[in-house]
Amino acid sequence: MPSLGIEVLFKGTNFLRLLGGLWVAVRISLISVAISIVLGIAVGMLMTAKRKLLKAVFRIYLEIVRIMPQMVLLFVVYFGTTRVFGWNLNAETAAILVFSFWGTTEMGDLVRGALQSIPAIQHESAQALGMNPLQVYVSVILPQTVRRIIPLSINLITRMVKTTSLVVMIGIVEVLKVAQQIIEANRRVAPNAAFGVFAVVFLLYFLICWPISRLAGYLEKRWS
Amino acid sequence: MAETYLEIRNLYKTFSAKNGSVEALKGVSLSIGKGEIFGVIGLSGAGKSTLVRCMNLLERPDSGDVLLNGESLLALNKEQLRLRRQKIGMIFQHFNLLEQQTVLENVCFPLEIRGIPKKERREKALALLEKVGLAEKAKAYPSQLSGGQKQRVAIARVLANEPDILLCDEATSALDPETTQTILRLLKTIRDSLGITIVVITHEMRVIQQVATRVAVLDGGSVQEEGSVVEIFDHPKSRAAKRLLLIADEEEESYAG
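Chains A and B, in that order, give the protein sequences. If you count the first sequence from 1, you need to add 1348 to reach the numbering used here. If you count the second sequence from 1, you need to add 744 to reach the numbering used here.
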């Protein structure tokens, strides 16, 4: 059996460097996810508002984000806006901006869908019990909404974690970039390392995303 | 009839839809006595749901007035209406319990909203569950209950607010005939013990026959006929009443056959 080149990871601090790179990817995702959830809930609530203009604005926002590949968005923000507006944006901030921009609208759409799927009769029966609008929202509508969006938003979170691998393209040294560096540095002694090291990267992503998606499955089952 | 408790005066309500507007109520007037069980019957589209929603202003009529104990609901401001609504109980076809909370928590819910201390609301809720015959299910979740049991929980929950009138919007329509009977018996017991006024909205003659003393037949958004249940069963005058009785007879036969 040919060498898989995994042994290069045990040279020096290579494996630790790889984990360091993984942390960069996870950090970008975690911050973006947190921002997306908070802003997404607000956007989702606004999207259910009856104002037509507001609805149209969010509709366009959603369409732009859906149509535009995340990588193009990264390039526009990191290479484009820094030139045009002359501001100084480091790559990680640019990445967080882009991922939050994307996550917020997707999350917002999930929240909107969940809020609208709560039957009107739920509002009515709560009102009939003599509750004020805030109590109706907090005690009746939101708990039901949360149960509907958690499985869906977990799916979004894993997608965001996966997509962070794109930030390589704007020069962030995250897990994929570190893996590449390790492979390059050992090209002569371990020509097969590309397979072994990238396989380990795959495994690391798997170890992060799998528990998250299991959690979604578990919650879905428990709440159905 | 005893003194009037709920008075509906000349209600009109039109809904505008994409393809024209629908006149749901066209000048409905009713007087419902204190402690009476009053039935409103009609086929779907007759306007009964709109009518009952106007009784606690979940739906605002375009014109007319709703008087409870002589006091106009339309004259109340938002906060006054909210407080008044606590005394107007309403139960629904699909119960609308909080699925993620236990039976006991569901009954405690309106008390919690009113800011009653925990210990007190637990005691009160348990007593109410006792009253509707579900004390042993206090810790169960709604998904573990039958339809009839869920409606009992909904009734206990609505009684927690000590309403003086109870609106039942097709409250037995999702239940089988036998369960329907037990729920109707429960409603009667509640009226007898608490003296509250009950309005029963239904499309089933059987329900009216079993529980109501007086009935209004609604069709096309207006009252076609109104009177004692016995009178309308024996001598229906309007076409709508005759049709409803015919449907009831057919159902009766299909059960027998």
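You may find that some hints are simply not true.
Derived pair list, reagent style DSBU-like, types lysine-lysine, alpha-carbon separation capped at 35 Å [claimed, not checked]: (1) K1525(A) / K1398(A); (2) K831(B) / K881(B); (3) K932(B) / K986(B); (4) K1400(A) / K770(B); (5) K822(B) / K981(B); (6) K862(B) / K1569(A); (7) K875(B) / K822(B); (8) K1403(A) / K1525(A); (9) K770(B) / K863(B); (10) K1403(A) / K883(B); (11) K778(B) / K862(B); (12) K778(B) / K981(B); (13) K822(B) / K762(B); (14) K868(B) / K1398(A); (15) K868(B) / K822(B); (16) K762(B) / K1398(A); (17) K863(B) / K831(B); (18) K1569(A) / K822(B); (19) K862(B) / K881(B); (20) K762(B) / K1403(A); (21) K1359(A) / K1569(A); (22) K770(B) / K881(B); (23) K883(B) / K863(B); (24) K932(B) / K831(B); (25) K778(B) / K875(B); (26) K1569(A) / K881(B); (27) K770(B) / K1398(A); (28) K932(B) / K1569(A); (29) K1400(A) / K863(B); (30) K986(B) / K1400(A); (31) K881(B) / K1398(A); (32) K881(B) / K932(B); (33) K762(B) / K932(B); (34) K762(B) / K1569(A); (35) K831(B) / K868(B); (36) K831(B) / K862(B); (37) K822(B) / K770(B).
Now the in silico label distances, taken between C-beta atoms and shown as ranges [to be verified]: (38) Q888(B) / S1465(A): 20 to 28 Å; (39) K831(B) / W1558(A): 51 to 59 Å; (40) R804(B) / L1394(A): 41 to 49 Å.
Simulated from the structure, these hints should not be mistaken for laboratory data. Quick reminder that beta carbons are idealized off the backbone N, C-alpha and C, glycines included.
Could you work out which of the previously given hints the structure breaks and list their numbers from low to high? 1, 5, 8, 9, 10, 14, 18, 21, 22, 28, 29, 30, 31, 33, 34, 40
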